[in-house]
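J.: Residue numbers (the numbering used here), protein chains in the order written: chain Y, 1 to 374; chain A, 1001 to 1172.
Think of the hints as simulated: they come from the structure by calculation, not from any bench. Be aware that one or more of the hints could be misleading.
Computed list of chain A residues with no C-beta within reach of chain Y, every gap over 10 Å [as the list claims (entries may be wrong)]:
hint: 1; residue: GLY1029
hint: 2; residue: ARG1051
hint: 3; residue: CYS1083
hint: 4; residue: ARG1104
hint: 5; residue: LEU1136
hint: 6; residue: LYS1157
hint: 7; residue: ARG1165
hint: 8; residue: GLY1170
hint: 9; residue: TRP1171
Each pair of labels, with its calculated beta carbon distance range [claimed, not checked]:
hint: 10; chain 1: Y; residue 1: ALA20; chain 2: A; residue 2: TYR1046; range: 31 to 41 Å
hint: 11; chain 1: A; residue 1: VAL1042; chain 2: Y; residue 2: THR110; range: 33 to 43 Å
hint: 12; chain 1: A; residue 1: PRO1041; chain 2: Y; residue 2: LEU23; range: 23 to 33 Å
hint: 13; chain 1: A; residue 1: ARG1020; chain 2: Y; residue 2: PRO72; range: 39 to 49 Å
hint: 14; chain 1: Y; residue 1: ALA20; chain 2: A; residue 2: VAL1042; range: 33 to 43 Å
hint: 15; chain 1: Y; residue 1: GLN317; chain 2: A; residue 2: SER1039; range: 29 to 39 Å
hint: 16; chain 1: Y; residue 1: ARG43; chain 2: A; residue 2: GLU1100; range: 52 to 62 Å
Every beta carbon over 10 Å from chain Y, so not counted as near; a handful from chain A, in silico [what the hints assert, rightly or not]:
hint: 17; residue: LEU1034
hint: 18; residue: PRO1041
hint: 19; residue: ARG1045
hint: 20; residue: LEU1053
hint: 21; residue: GLU1067
hint: 22; residue: GLN1068
hint: 23; residue: LYS1096
hint: 24; residue: GLU1113
hint: 25; residue: PRO1130
hint: 26; residue: ASP1139
hint: 27; residue: PRO1143
hint: 28; residue: LYS1161
hint: 29; residue: ASP1169
C-beta atoms are modelled at their ideal positions from N, C-alpha and C, and glycine is treated no differently.
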Amino acid sequence: MNLLSDFFLAKAAFIGIVFAITLGIAAYSTYFERKIAAFMQDRIGPDRAGPFGILQPLADAVKMFMKEDFIPANSNKWLFIAGPCLSMLTALMTSAVVPFGDTVTIGGITFDLQGIDVNIGILWVFGIVSLGVYGILIGGWASNNKYSLLGAIRAASQNISYELAMGLAIIAILLFTGSLSTKAIVEGQQNGHWNIFYQPLGFIIFLICAFAECNRTPFDLPECETELIGGYHTEYSSMKLGFYLFAEYINMFISGAVMATLYFGGYDYPGIDFVTAQFGNNIAVFVGMGALIGKALLFVFVFMWVRWTLPRFRYDQLMGLGWAGLIPLSMYNVVVTAFGILIGKPFTAGIVGVVVLIGGLLIHDQLFVKKKIA
Amino acid sequence: MKLSNRTKVMEQGEMTLAERMYLPAIVGGMATTLKHFFSKPVTIRYPEQKRYLGPIFRGQHILKKDEQGAERCTACGLCAVACPAEAISMVAAERKPGEEKLYREEKYAKVYEVNMLRCIFCGLCEEACPKEAIFLRHDTMVPVFNSRDEVIYGKDKLVEKMDQRYLRDGWK
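Isolated chain A (complex conformation):
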């Protein structure tokens, strides 16, 4: 019984003369390879040459500062709660008088650590943050570790440097 009228009869006869001689097909194939011979290679020489991964690539974490150079993070712990891999830990501290230039809120993170072996770069910390303090930057990847001591990133590696601020395409 036919289910549809789209059945195709696939019976094949002998090959035609041109097909049996192979040579026309070989010449055609060689023309194709020669075309590729003169076309531009698609290779990206990776360690020296990096591809743009898009404006929303989730790379290495950064703790943002505001325009005055004060840290935005208030150590609320929402990022640590949101983190499915439990990679974030922090110790909160109270801001002393005279430290208003350093910390934006009255409470700040004295220690802020991300375990880069646990982190799955899902970006949920970024979504959870109410102070727009933590971001996964789109232009930098976490480099390869050579020992376990390098795995936990503290504030020395995470806090934004004022002389090379991180800007996303959408913020400009």
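Just chain Y, with the same shape it has in the complex:
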């Protein structure tokens, strides 16, 4: 492959832009997390560094770099360093297959606004997300600290448990699309045929699993302060800790983008035909890219909103929800979706599925559950 071809340069530039956007959004997520937390608690939040405190992430980064970089005695030094690096690497790699937009033509070169359009796109996301747990596990193991190890083990078992339900929720989507490619999934949802309308149950399952995969409240057991001090990053300080926290915010943004891709039509937005007719294809595609990022940011807000609303689960509740709640539910969802496609009415099947589920639960409730004494 010619390394200096226009296509290659355009791709490289695009990947650079995606990296910059991802990192910038992750940096500012820390600021907005604190601001949103403050607003939800009737406070003002950080407002000292620059106007409205918008230089706060910069100040935090400076603080992180200035702190002592501590490596505990008797820890496995190389693994201790590899942990946060791996976390960061896997967090950044996921964005490669997210389609940020349709094809654009600039200066005679036509290319996709997507890192790589592989035919196993969604499988790639899964693989990388599964790898992400290694960062936490290695960090916790190398710390030579039982709290870190406990946190790491919790993270690993939690991720494995919720990946199953997540995978089953995606299978229902794949039944529609017939392809693992994220591009194909998005193209199947154009003109408002978003998967959320066909898969409301699947979306709720996926959302809950995404919370668990990102180790966000109410599933942030790996860093549960009350029980585990800091969880897997107890022994970490300086920029290594910064990398772990940063990776969490990147994961939030990327999982928001993946959810937008799978359920909310990716770069589709209402009025796309009108914009194409008025301003040309390129403008329409870039507006679509903005729409995707907007959707992803909306999910980031939901992540934060939930974090400042809900307390943490107990660990057995977490495992119970994953194995006994979400996996049967997602299997039911797959069956309902398959049936809907078989009879050719997926939309009706989705609605009927939810109604039947709630009805069944209500009947079960009436028959077998002891009632409260009023």
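Since the structure of chain Y is provided, determine the placement of chain A on it from the hints.
T.: Okay, now just chain A, sitting in the frame of chain Y:
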């Protein structure tokens, strides 16, 4: 034996379906936080923005002057006697002829000192004063000290300035 008939049976059955699904409660909780998200913050940005502490807050001491600008204090020492923390000390002096504009009575305080580290801001000096000379102002707090030299407030800091007179809400 029952002492009253107000005993409540607290036996609990299983949770209802809605409670077991958690989702209705979660949505309710999120509605609450969203309501607070759009409500006004209660924060007061302290050093820049100060709260009104009420008309009878006991802050920094002030030695009042009368309308002609003469000091009211006659150095009777009742405030020093009343002070439970023994924070007040003074040296009395006799008024010379020609100083009637400066001092209201024939005796005045040549030195009047309040040790702000000892003072507990109880306001007993204010109550003891027969000449309505000393007050704890409601609008000014004693600022933070940076060294021990700043702790004792003399007349230079305590006596009222005629161009910025201290008025309480009730006096107006």
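J.: All hints, please: hold or fail.
T.: Hints versus structure:
1. The claim that A/GLY1029 is not at the interface with chain Y is violated, since a C-beta of that chain comes within 10 Å of its own (minimum 5 Å).
2. The claim that A/ARG1051 lies off the interface holds: its Cβ sits roughly 15 Å from the closest Cβ of chain Y, which is beyond the 10 Å cut-off.
3. Every CB of chain Y lies more than 10 Å from the CB of A/CYS1083, the least distance being 41 Å, so the non-interface label holds.
4. Every CB of chain Y lies more than 10 Å from the CB of A/ARG1104, the least distance being 49 Å, so the non-interface label holds.
5. The claim that A/LEU1136 lies off the interface holds: its Cβ sits roughly 32 Å from the closest Cβ of chain Y, which is beyond the 10 Å cut-off.
6. The non-interface label for A/LYS1157 is consistent with chain Y: the shortest C-beta to C-beta separation is roughly 32 Å, beyond 10 Å.
7. With a minimum CB-CB distance of about 36 Å to chain Y, A/ARG1165 clears the 10 Å threshold, and the non-interface call stands.
8. The Cβ of A/GLY1170 lies farther than 10 Å from every Cβ of chain Y, with a closest approach of about 34 Å, so its non-interface assignment holds.
9. Distance check on A/TRP1171: its Cβ is at least 36 Å (rounded) from any Cβ of chain Y, clearing the 10 Å threshold; non-interface status holds.
10. For the hinted restraint 31 to 41 Å between Y/ALA20 and A/TYR1046, the CB-CB distance of approximately 38 Å keeps it satisfied.
11. For the pair A/VAL1042 and Y/THR110, the beta carbons lie near 55 Å from each other, so the given range of 33 to 43 Å is not met.
12. At about 30 Å, the beta-carbon gap between A/PRO1041 and Y/LEU23 stays in the expected band of 23 to 33 Å.
13. Separation of A/ARG1020 from Y/PRO72 is about 43 Å and conforms to the stated range, judged on CB atoms against 39 to 49 Å.
14. Between Y/ALA20 and A/VAL1042, the C-beta spacing of about 38 Å keeps the proposed range 33 to 43 Å intact.
15. Checked against the hint of 29 to 39 Å, the pair Y/GLN317 and A/SER1039 passes, with Cβ atoms roughly 31 Å apart.
16. Our hint of 52 to 62 Å for Y/ARG43 and A/GLU1100 holds, since their Cβ atoms are close to 57 Å apart.
17. Remark: the non-interface label on A/LEU1034 conflicts with the geometry, its nearest Cβ contact in chain Y lying 7 Å away (cut-off 10 Å).
18. Under the 10 Å C-beta cut-off, the non-interface status given to A/PRO1041 relative to chain Y is violated; the minimum distance is some 5 Å.
19. Not every C-beta of chain Y lies more than 10 Å from that of A/ARG1045, the closest at about 7 Å, which undercuts listing it as non-interface.
20. With a minimum CB-CB distance of about 21 Å to chain Y, A/LEU1053 clears the 10 Å threshold, and the non-interface call stands.
21. The beta carbon of A/GLU1067 sits about 45 Å from the closest Cβ of chain Y, which is more than 10 Å, so the claim that it is off the interface holds.
22. Every CB of chain Y lies more than 10 Å from the CB of A/GLN1068, the least distance being 48 Å, so the non-interface label holds.
23. With a minimum CB-CB distance of about 55 Å to chain Y, A/LYS1096 clears the 10 Å threshold, and the non-interface call stands.
24. Under the 10 Å C-beta cut-off, the non-interface status given to A/GLU1113 relative to chain Y holds; the minimum distance is some 39 Å.
25. Every CB of chain Y lies more than 10 Å from the CB of A/PRO1130, the least distance being 48 Å, so the non-interface label holds.
26. No beta-carbon of chain Y is positioned within 10 Å of the beta-carbon of A/ASP1139; the least distance is around 25 Å.
27. Once the 10 Å rule is applied to beta carbons, A/PRO1143 is consistent with being away from chain Y; the minimum gap is 22 Å.
28. Residue placement check: A/LYS1161 keeps its beta carbon more than 10 Å from all beta carbons of chain Y (closest about 34 Å).
29. For A/ASP1169, the requirement that its beta carbon stay farther than 10 Å from each beta carbon of chain Y is met, with the minimum near 30 Å.
The earlier numbered hints that this structure contradicts are 1, 11, 17, 18 and 19.
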